[in-house]
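Top line first, the protein sequences correspond to chains A and B. Every number in my numbering is 2 more than the matching position in the first sequence, counting from 1. Residue 192 in my numbering is what sits at position 211 of the second sequence, and the numbering runs on without skipping anything.
No lab work stands behind these hints: they were computed from the structure. Owing to the predicted nature of the structure, the values given are computational and were not obtained by experimental measurement. No false leads were mixed into what you were given.
Taking lysine-lysine and the DSS-like style, the derived pairs with C-alpha atoms no more than 25 Å apart in a straight line are: (1) Lys266/B / Lys129/A; (2) Lys(-10)/B / Lys129/A; (3) Lys199/B / Lys233/B; (4) Lys153/A / Lys233/B.
Only some residues are given here: those of chain B computed to face chain A with a beta carbon under 7 Å: (5) Ala(-3); (6) Ile10; (7) Gly185; (8) Phe192.
Glycine included, every Cβ here is placed at the ideal spot set by N, Cα and C.
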Amino acid sequence: MTSDSTAAPAPPRPARPRWAVQGERLLEALIRLCGVSAILFVVSIVFFLFREAAPVLVSESFDLGEFLFSREWYPTSVSNVRYGTLALTVGSVSVTALAMVLAVPFGLGAAVYLSEFCGPRLRETLKIVIELLSAIPSVVWGFIGLTVMSKLIVRFTDAPVGVNVLNGGIILALMSVPIIVSIGEDALRAVPDSFREAGLALGATRWQLVHRVLLPAARNGLLAAVLLGVGRAVGETMAVLMATGHAVQIPHGLLDSVRTLTANIAAELGEAPAGSDHYRVLFLTGLLLFVITFAVNLTADLAIRGIRRK
Amino acid sequence: MVRKERAEKAARGVFALMAAAMVVPLVSIVAYLVWLAWPSLGWEFVVDVPRRGMTDGGIWPAFVGTLYLVALSLAVSAPIGVLAAVYLNEYARDDWFNRLVNLAVINLAGVPSIVHALFGLGAFVYAARFGYSILSASLTLAIMTLPVIIASTREALASVPMAFREACWNVGATRWQTIRAVVLPNSISGILTGVILQVSRAAGETAPIMFTGAVFYKAVGRGELLPYGLDEQCMALSMHLYTLATQVPNVKESLPYATAVVLLGSVLLVNAAAIALRVWLRGLKKW
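All chains, please: the whole structure from these sequences, using the hints.
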């Protein structure tokens, strides 16, 4: 006979206690719920912004074109209320542009230095310094802009007041540099060593390697670094609130005061009665900001995804 | 040949200068702040309450308020964030849904702080009827810190080699048993570092709490450890700095600088501790 009828039957496999199995299933359901929560929160942010802004969007006295393109922002006027955000948008753009003009060369240069030119010890130290730099709270940066930078600007230029586009731009540059450096350095390190070895084998110096081989190869990642820096600068609230002054106007020069979209919301939200048109328009501005930063961050993420796939 | 080498040396010098351009302003600014803050700094400054219409005195209500806000917000966002990262890294399949969740996390991480403030106002203060309170403010901060905790926990989990999990599965462990016994203990250093870094971020943010629960002034006893109820408004260090710098006339000159130094110092201390923890734990790893 081929069957094992004479051998003793195998003992029953020990089963896990029911509470352990059920408990684990419960836990996994909880984990699943938490995982989905991220989408939930993004959706709810959009939902609540919309909920508060919607009534003014559909009201007849409101014109979306005027909201986006008019430069007249008079929300508290008794006779002629106007909600034009163009001046605010130009304020945001000008401060961000100045910040990027300052931050991108220095940030990318520092990234190149960290990645290609400096020794490992110095690199670790500098990376720690950069991490600490990026941890400085934005209100402290705003305070620095309001006090230190403002005094410097008044002393070295003939600006009447030290809070203006220049001040905001410098502060934002100092805030965005760490992001640009750390992501830029990641991008440069991601370029395979074989590129460097090939260049060295052909007799290139390190500088030639950098500007002929590495920078083009790391193009996507460097673009992502810059875009994330832009995203940070555009979304910054407290620092620009304190450093750019309070004038809702289109600036004619670096020494003019402006107000950005973000600072405007922060400055006026406290005084706008809940449920009023002014309040709802501020929520609409928030929605506009959300869309802008979403677009910038999405582009940056696609660019990073592009290099990882290579 | 010499020209090539000279270009190389010049390039190296320029780039080193650019790196220095980041460090030098930071160090000099911090030194200037400390110098101007010096007359006010001290233990007394932290424990005392603001006096004479906030033009003098200390920062105790703001300090303890920040501690509360940070503790509460991390108590909410750390568990949810870690579990969400566990789901995304260990359970989820790489399909459209997972990619959507990824997109949501990235997007949430980039939202400006004032938009978080608007959300907190609309959702917690009004819709959920928590009103202006520590609860609303901490929940708003929790939503703000959540995506970064998810991202850093995911990195920590992903750094555990697949072979560890496969070994567990091969001996018949369930997914959760593997996670509990092998994956989580091996990634705890990265998870802890990520959470600690968010402590400093939650402590430093002003806009999200300005409109949901932080307030200009609240009378609190000197050195009192439990001064705020969950449904009350509170003072906070970041908000206090903003107030002193922009809203209080005739303030003693060193006071806002000292507040800035205390805030900055606490933030940098927490971050340095997180970095040191990360370096030490990385040395302990055997793989």
